[in-house]
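Undergrad: Start from the sequences and build out the full structure, keeping to the hints where you can.
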Amino acid sequence: MMLIDTHTHLDAPQFDEDREEVIQRALEQGVTRMINIGFNRETIPTTMELAEKYDFIYAAVGWHPQDAITMQDGDLDWIAELCKHEKVVAIGEIGLDYYWDTSPKDVQHKVLREQIGLARSLGMPISIHNRDAHEDIVRILREEKASEVGGVMHSFSGSWEIAKMCLDMGFHLSFGGPITFKNAKQPKEVIAKVPLDRLLIETDSPYLTPHPHRGKRNESGHVRLVAEAAAELKGISLEEIASITTRNAMERFGIR
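Numbering of the sequence shown is given in full-length UniProt numbering, commencing with residue 1 and proceeding in unit increments.
Mixed in with the good hints there might be a few duds.
Unchecked claim - Calculated pairs, BS3-like style, for lysine-lysine (alpha carbon to alpha carbon, straight line, at most 27 Å):
#1 K193 to K164
#2 K110 to K145
#3 K53 to K84
#4 K234 to K182
#5 K145 to K164
#6 K105 to K145
#7 K182 to K216
Stated by the list, open to error - Label pairs and their calculated CB-CB ranges:
#8 S243 to A192: 12 to 22 Å
#9 G170 to K105: 19 to 29 Å
#10 P13 to H85: 16 to 26 Å
#11 Q72 to E189: 40 to 50 Å
#12 G74 to K182: 45 to 55 Å
#13 M2 to D106: 36 to 46 Å
#14 R139 to A192: 21 to 31 Å
#15 K84 to K193: 34 to 44 Å
#16 D18 to E135: 33 to 43 Å
It should be emphasised that the hints constitute simulated quantities derived from the structure, not laboratory data.
Glycine included, each C-beta is placed from N, C-alpha and C at the ideal position.
TA: Below you can see the structure in the form of structure tokens.
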């Protein structure tokens, strides 16, 4: 059985003491590939280091909405240059975040639009971060013709109505630890309706740790727990959900 963690942050400082052990545990759980996310000036270089060190770790690079205000002239060109690297499979995570008041909304919008434009020019899929900004995300994705490249709605948390809009634009929906939470009614309802060929799984480690480890540090090996929950919600076996989500991820991100 093979699994792919489509969104992780293995370069985070939470792993500085035992990164090798965390990666080994993921492999032991059947996680054969991981996509690490570089999202600002500090994490893009460390993400690239991981991707170059491990054959099974890939990279996505972009500018996170919380850090949008720090983006400078030349950073978009930097991302474009990195996208030529054989291990870079997406631009992301990019998007909007209205929960944390760290970058003005107009700046977030500008940075998001620029990166969608870059993705279209390069033919690269995008990984979308969306927190409390559902309507604006859908509007900007439509206005910037993001359907031309598609991508993934990372850690999807919207309603089924929002999900349908994203699916109509060619996006995959990715789910993580919250689908294992007892009271997470909406994500469970949504994942039950998502077509199997548009479904991805992730950890977003070290965050959003699934049950029964909730409250502790998350890690990529826990994507197996997400897969188990997804299998139950879809009414199929763990082996089937692993095969389907792995195939989806490899096709979406162009991973051989």
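Undergrad: Against this structure, judge whether each hint is valid.
TA: Outcome of the hint check:
Between K193 and K164 the alpha-carbon distance is near 10 Å, which keeps this suggested pair within the 27 Å criterion. In summary, the hint linking K110 to K145 is supported, as the alpha carbons are separated by about 15 Å, within the 27 Å threshold. For the proposed pair K53 and K84, the alpha carbon gap of about 17 Å is at most 27 Å, so the pair holds. For the suggested pair K234 and K182, the alpha carbons sit about 16 Å apart, so the restraint of at most 27 Å is met.
Between the alpha carbons of K145 and K164 the distance comes to roughly 16 Å, so the proposed pair stays at or under 27 Å and holds. Between K105 and K145, the direct Cα distance comes to roughly 20 Å. Compliance with the 27 Å bound is thereby established for this hinted pair. Between K182 and K216 the CA atoms are separated by roughly 17 Å; this keeps the pair inside 27 Å, and the hint holds. S243 and A192 have their C-beta atoms about 19 Å apart, which keeps the hinted 12 to 22 Å range intact.
Look at G170 against K105: about 26 Å separates their beta carbons, and that is inside 19 to 29 Å. Between P13 and H85 the beta carbon distance is about 24 Å. The supplied range of 16 to 26 Å therefore holds. Separation of Q72 from E189 is about 42 Å and conforms to the stated range, judged on CB atoms against 40 to 50 Å. A beta carbon spacing of about 47 Å between G74 and K182 agrees with the range 45 to 55 Å that was offered as a hint.
A beta carbon spacing of about 43 Å between M2 and D106 agrees with the range 36 to 46 Å that was offered as a hint. Between R139 and A192 the C-beta distance comes to about 26 Å, which sits within the given range of 21 to 31 Å. Checking the proposed 34 to 44 Å range against K84 and K193 shows it holds: the Cβ atoms sit about 38 Å from each other. The hinted window of 33 to 43 Å between D18 and E135 holds, with their beta carbons roughly 41 Å apart.
Of the numbered hints given earlier, the model fails none.
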